[in-house]
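Enquirer: Top to bottom, those sequences are chains B and W.
Residue numbering for the first sequence follows our numbering, starting at 1 and increasing by one per position.
Residue numbering for the second sequence follows our numbering, starting at 1001 and increasing by one per position.
Hint data in this document are derived by calculation from the structure and do not stem from the laboratory.
Ideal Cβ placement from N, Cα and C applies to all residues, glycine included.
What you were told as hints is all true, and nothing was included just to trick you.
Which bits of chain B does chain W cover? Going by a derived footprint, with three or more residues having C-beta under 8 Å, they are:
no., stretch
1, 236-242
2, 246-257
3, 294-306
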Amino acid sequence: MPVRQLLGGGAAPGPMGVGADKFRVPGLLIGFLAVAVAASAGLLIGPADIDRTNALKELLDRLPFISVDSGLSPIQKNIIWEVRLPRVALGALVGGTLALSGASYQAVFRNPLADPYLLGAAAGAGLGATVAIVTGSGDGVGTFDLVPLLAFVGALIAVALTYLLGYSSGTQRSPAALLLAGVAVASFLTAIQTFIQQQNVETIRQVYSWILGRLNTASWDEVSLLAPYAFASGLLILVYRRILDVMRLGDLEASSLGIRPQLVRLVVICAASLGTAAAVAVSGLIAFVGIIVPHTVRLVAGASNRVVLPLSILFGAAFLVFVDLLGRSLASPAEIPIGVITAFCGAPFFVIVLRSSKRTLG
Amino acid sequence: MNLFVVNEVGVRIEDVPILSDVSLSVNTGEWVSIVGPNGAGKTTLLSVMAGLQKASGSLSIDGRNITDLTLRERARLLAYVPQHPEIPPGMTVNSYVLLGRTPHLPFLGMEGSHDFRLVEQVLEQFDLSSMGQRTLESLSGGELQRCHLARAIAQATPIVFLDEPTTALDLGHQQQALDRIRLLREEHQVTVVMTMHDLTLASQYSDRIILMSKGRIAVEGKPAEVLDPIRLSELYGAQVKVLQVDDHLVVVPSVSKENP
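Bound-form chain B, shown alone (with noise of 0.2 Å):
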């Protein structure tokens, strides 16, 4: 499928425009700007003293065919490349993959509250974590550690959970009794996972710190580990943008057009989970990026999914990078928490959208 076409629409619009999207090509490519700018921002800025103008030229000297001497010395070098790199590239992959999970969620569910965590993947997978944590099986840092690879599975179970139940309920496998499954299962395992909190006091610290979520474990073993998700996740996402046009008219309106709502409901959700679980697998529990940047996506660039899908997902990787450049950097040499300074900026920034935009929210 051409790149064109996965990020924005088919075939060019007829003389009148229809189909025609004024912002997709824009909002594009202000996007990738935005990537570029938060990327190299992260990449050049951080509490080591490296001159910016040498970071840049040893940048530079990884592209093609491009040769500069950038004086830099070998930790330095280390530095850009095995800290402050893979930092960026979970923070967009991370972030990307939130924005877009939030965004299909509210798609499949027509409700503008509906974030990645809804079917309760940040309870199973705080759940998992903890359980890693207080039993020694990690720390939180490394490659073998356990703490990514039990909160991906709490995720992943949490949301087969609520799904089996919310669709044996009876009601006619309508949403709602999904998303009232998610809140059932949601409670049900942070229930648990606070009562193993309160019997391990000793690990409160580590537990509370995976719970607000953070990037400064950053390693290319955990980008490896979420960047197949988060492609795949995003890939077939992606695929179904138009489809989830069709599913804003209802379920009763889709299936008069050919769509099986449900069906188109297990695949996204489906899709979505698994990057969602990757993400918080490696990043812990970040909240705020699915709900803000897709809605703030739809204020400035309209409601429509094959817009707001590749535009939340260019907005949540430049969003999360910048947040955790200011984390790290507002405090420095310490580092505030990320699902702090999420909130903390991005509560402001929406305010200020949602007050200047004539748009609705869907």
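Keeping the supplied structure of chain B fixed, place chain W upon it in accordance with the hints.
Expert: Just chain W now, with coordinates in the frame of chain B:
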């Protein structure tokens, strides 16, 4: 020629019979109105015919049993406009009408230039070209109704089911909507089946009227055969008169001066 045949259809919801033993047929190019008092089963019958409500009995279109068709095949033959269609927030008129092309596209495919051209023509026919970039929530009731009809016509099906297409429209817009359907029916050779409350409009536009009561067909036939004042008074529980004005029948309530 029978295009659509409904054979002994029944629907029960929580053991309450909503439709019982309904059989009817619709001919190619015909305009059929289903009328009846509230709770007669009009909307249920229409959604059963559109394949959107499970029912006992059988339905066939052009000789093929509807259960043998996939959902997409069905959507290429039957368009359905519900009484209160969803208005997705922020969706533009262009995008909304374009959704009508869904059954003709590969499942995960995108629209092509043929779809854009067809939708442009439909928008022109419905006087919607100038408001293509406007959102649905910014439209008036009459404009919205035109959008719903335009989406159904963009679906390019031989049969269109309309559930109360003139609800919430004033007199002028009711007439405009029905005139437009009549024009499109002639241009596109579309067969129309619709539910209606307004018996006068139903009689003026339909070839045939099906009068329903308590989930069954009470009587069907040409408007003059069905709209009998005694029968209507019995079924609707109201005194009505049926007047002949020019070539049309007009159904009016007959208010007794003795019982204000």
